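Chemist: Chain residues, written in single-letter form:
2 protein chains.
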Amino acid sequence: MTTLGDNVYAVILAGGSGTRFWPKSRQLSPKQLCAIGNAKETMLETTLKRLDGFIAPDRRLIVTHEQQIESTKQIAGAACPHYLAEPDARNTANALALAALDIETRHQGADTPIMISLHADHVIENVDAFKQSVRNAIDSAKEGYLCLLGIVPDKPETGYGYIERGASLSETAFKVSSFREKPELELAKSYLESGNFLWNAGIFVWSIPTIIAELDHAIPTAMNALRGLKPEAGVGFRSCPSESLRSVYQGLPKISIDHAVLEVSKKVSVVDADIGWQDIGSWDALAKTFPTDQQNNISFGNTMLIDCEGVTADSDGDLVACLGLKDIVVVKAKGAVLVCPADKAQDVKKIVEALKADQNESYL
Amino acid sequence: MTTLGDNVYAVILAGGSGTRFWPKSRQLSPKQLCAIGNAKETMLETTLKRLDGFIAPDRRLIVTHEQQIESTKQIAGAACPHYLAEPDARNTANALALAALDIETRHQGADTPIMISLHADHVIENVDAFKQSVRNAIDSAKEGYLCLLGIVPDKPETGYGYIERGASLSETAFKVSSFREKPELELAKSYLESGNFLWNAGIFVWSIPTIIAELDHAIPTAMNALRGLKPEAGVGFRSCPSESLRSVYQGLPKISIDHAVLEVSKKVSVVDADIGWQDIGSWDALAKTFPTDQQNNISFGNTMLIDCEGVTADSDGDLVACLGLKDIVVVKAKGAVLVCPADKAQDVKKIVEALKADQNESYL
Numbered sequence: 302m303t304t305l306g307d308n309v310y311a312v313i314l315a316g317g318s319g320t321r322f323w324p325k326s327r328q329l330s331p332k333q334l335c336a337i338g339n340a341k342e343t344m345l346e347t348t349l350k351r352l353d354g355f356i357a358p359d360r361r362l363i364v365t366h367e368q369q370i371e372s373t374k375q376i377a378g379a380a381c382p383h384y385l386a387e388p389d390a391r392n393t394a395n396a397l398a399l400a401a402l403d404i405e406t407r408h409q410g411a412d413t414p415i416m417i418s419l420h421a422d423h424v425i426e427n428v429d430a431f432k433q434s435v436r437n438a439i440d441s442a443k444e445g446y447l448c449l450l451g452i453v454p455d456k457p458e459t460g461y462g463y464i465e466r467g468a469s470l471s472e473t474a475f476k477v478s479s480f481r482e483k484p485e486l487e488l489a490k491s492y493l494e495s496g497n498f499l500w501n502a503g504i505f506v507w508s509i510p511t512i513i514a515e516l517d518h519a520i521p522t523a524m525n526a527l528r529g530l531k532p533e534a535g536v537g538f539r540s541c542p543s544e545s546l547r548s549v550y551q552g553l554p555k556i557s558i559d560h561a562v563l564e565v566s567k568k569v570s571v572v573d574a575d576i577g578w579q580d581i582g583s584w585d586a587l588a589k590t591f592p593t594d595q596q597n598n599i600s601f602g603n604t605m606l607i608d609c610e611g612v613t614a615d616s617d618g619d620l621v622a623c624l625g626l627k628d629i630v631v632v633k634a635k636g637a638v639l640v641c642p643a644d645k646a647q648d649v650k651k652i653v654e655a656l657k658a659d660q661n662e663s664y665l
Numbered sequence: 302m303t304t305l306g307d308n309v310y311a312v313i314l315a316g317g318s319g320t321r322f323w324p325k326s327r328q329l330s331p332k333q334l335c336a337i338g339n340a341k342e343t344m345l346e347t348t349l350k351r352l353d354g355f356i357a358p359d360r361r362l363i364v365t366h367e368q369q370i371e372s373t374k375q376i377a378g379a380a381c382p383h384y385l386a387e388p389d390a391r392n393t394a395n396a397l398a399l400a401a402l403d404i405e406t407r408h409q410g411a412d413t414p415i416m417i418s419l420h421a422d423h424v425i426e427n428v429d430a431f432k433q434s435v436r437n438a439i440d441s442a443k444e445g446y447l448c449l450l451g452i453v454p455d456k457p458e459t460g461y462g463y464i465e466r467g468a469s470l471s472e473t474a475f476k477v478s479s480f481r482e483k484p485e486l487e488l489a490k491s492y493l494e495s496g497n498f499l500w501n502a503g504i505f506v507w508s509i510p511t512i513i514a515e516l517d518h519a520i521p522t523a524m525n526a527l528r529g530l531k532p533e534a535g536v537g538f539r540s541c542p543s544e545s546l547r548s549v550y551q552g553l554p555k556i557s558i559d560h561a562v563l564e565v566s567k568k569v570s571v572v573d574a575d576i577g578w579q580d581i582g583s584w585d586a587l588a589k590t591f592p593t594d595q596q597n598n599i600s601f602g603n604t605m606l607i608d609c610e611g612v613t614a615d616s617d618g619d620l621v622a623c624l625g626l627k628d629i630v631v632v633k634a635k636g637a638v639l640v641c642p643a644d645k646a647q648d649v650k651k652i653v654e655a656l657k658a659d660q661n662e663s664y665l
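Sequence order for the protein chains is D and Y. Using this note's numbering, you'd call the opening residue of the first sequence number 302 and step up by one each time. Using this note's numbering, you'd call the opening residue of the second sequence number 302 and step up by one each time.
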């Protein structure tokens, strides 16, 4: 695969409050700054390496919370020299608007700039297929479409949103006919059987003029406020004093790019992406993502499992010894231990909330 | 309560392999060298303090494994200057024989020496009642009986052996009519209702001549071998080279004082002991011993319980956060974490055995 043209930019959304993978993920080191499962590197590193030979470091941009900027820089290093630090998490429409305006002011070539919006905490097993899907999406974006990567489903997953394919636009792109919320199991099965539904991974490709026009239409007040910060050509929003950004951000309504733009625009397309994609949303998802033993256990680090079934165990040091457990998650990380049933792993934020209520900062 | 006469000696059995309360208890620091539950001091310290003003430190003797002698000395300090270090755990008949011979050679007064045999890891809540029971038992011992403290039961416990009261011997002592193994629940209920059964706590009082005569009769070969070590009067067996003791011990059959002597002797008595006694045998027993919250949870140290029921949680440092658990034991101690269902807490030795098989010494 050859490198993409120098008009193509990758925007990596690397936010997150660090609750879903507590105690490994924390406020200052959310999931993308952790190595999950048996990974040797953080998810952010993997995300950046995936772009090597595809998009040069100088055209990569990480958007993250200002609290996480230092730890993010430390991990990304030379693999991504550009950052936008949000003073507050105000959902994806604002983050992507800021990124689009940043690229608009920095871009110097003659070709229309194209932006690929990625997440720093996704698993993508098939990198070549990913790159091909992105190329297909770029072709669609050049024709003025907001193009989504639609993940080809391999099971009736109830945890993801779905994209319905509409009319064919080209050899690889289709119009999006509808977006569907996370379905019940029976509905998910019918989606899978129909062959016409794809998972929405939140991976978007569009040209900068297209997305800016859409955002100007969808959130004009926010766009005007952001432009009022007067980003410098060639430097972009990194030159804005953080206090100005803070005062603008405080006034922005929290809205996702899906609600603000994608669900209302007439120019939304999708390309198939059979790329081994996973969004590991909680501890119990590890057993669905990585190979388990015959008793459906999965363990990483210094662990010992005796007479266990369906156990997820992870330790960053101390020995975690599990005896006679069924469907339990046990994680030792960063001076704390989490123990919960696998089907309660989604509720781990309750612990984080209790720690906040106790002002127990050392574990947040 | 006044101090007992200077012919009364306390022998404190402080053995144990450190498996039942793993990871807090270890080979070199078994249960009696740990603070269990919300205790501020180790069980051995509590055991020794209980004797203050009752039996002077100079007439206390700890019998322990030679591996544990240094850690035991460190904890006991001046509260017990006398030790016998067993090269190998060969059950209570041999340990108490060694202790009896030691006291026989060291005792210098005119009065017949009396020995009280205690365990270093028992909970005794009512110390005054304990002392009164011991006095009653001494009276019986002076009449040539091997006298047991019979714990007055307050529930149909199936985990302890029972003593059946026989004919009255004095105002406080009865002949033992029979020993009963750990009963099934229905039988235990009938024992409780009858009012004639007491728990066998393994707390014995006897005169040195009586127990030595019984042991000479019961285990003559072992007694001859131990006497062959030639303990010095006034110094006792502490002067024996450990290598001699080791070679003698290797030849001794493993047998308990119950089987060797108490179950066969005709001169066994019992006194009531309503002393708030507990033998905490495993992690799940803490919830039966200490006060729990309304959801039957019990927790010590740096722990957080959310939506839990019947959980036992203990931490010596790191935060242990339990979410949505039912009847689970979670213990963080000394660089290891144990997680198991409460009804599997008795099987924690499986972990210790697996660690031994792996030669994972750092957690043993």
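The hints are simulated quantities; they were obtained by calculation from the structure and are not laboratory data. Fair warning: this is a prediction, and the values are worked out from it, not measured in the lab. Some hints could be false.
If chains are identical, the list can't say which one is meant, so a pair holds when it fits in one copy or spans any two.
Listed below are the simulated DSSO-like cross-link pairs for lysine-lysine, each with C-alpha atoms no more than 27 Å apart in a straight line [as the list claims (entries may be wrong)]:
(1) K432 <-> K589
(2) K456 <-> K645
(3) K567 <-> K651
(4) K443 <-> K568
(5) K483 <-> K589
(6) K635 <-> K456
Chemist: Against each hint, give a clear statement of whether it holds in the structure.
Modeler: Here is what the structure says about each hint:
no. : hint          : result
1   : K432 <-> K589 : within (25 Å within a copy, 61 Å between copies)
2   : K456 <-> K645 : within (22 Å within a copy, 36 Å between copies)
3   : K567 <-> K651 : neither (40 Å within a copy, 64 Å between copies)
4   : K443 <-> K568 : within (12 Å within a copy, 102 Å between copies)
5   : K483 <-> K589 : within (18 Å within a copy, 46 Å between copies)
6   : K635 <-> K456 : neither (34 Å within a copy, 44 Å between copies)
In summary, the numbered hints that this structure violates are 3 and 6.
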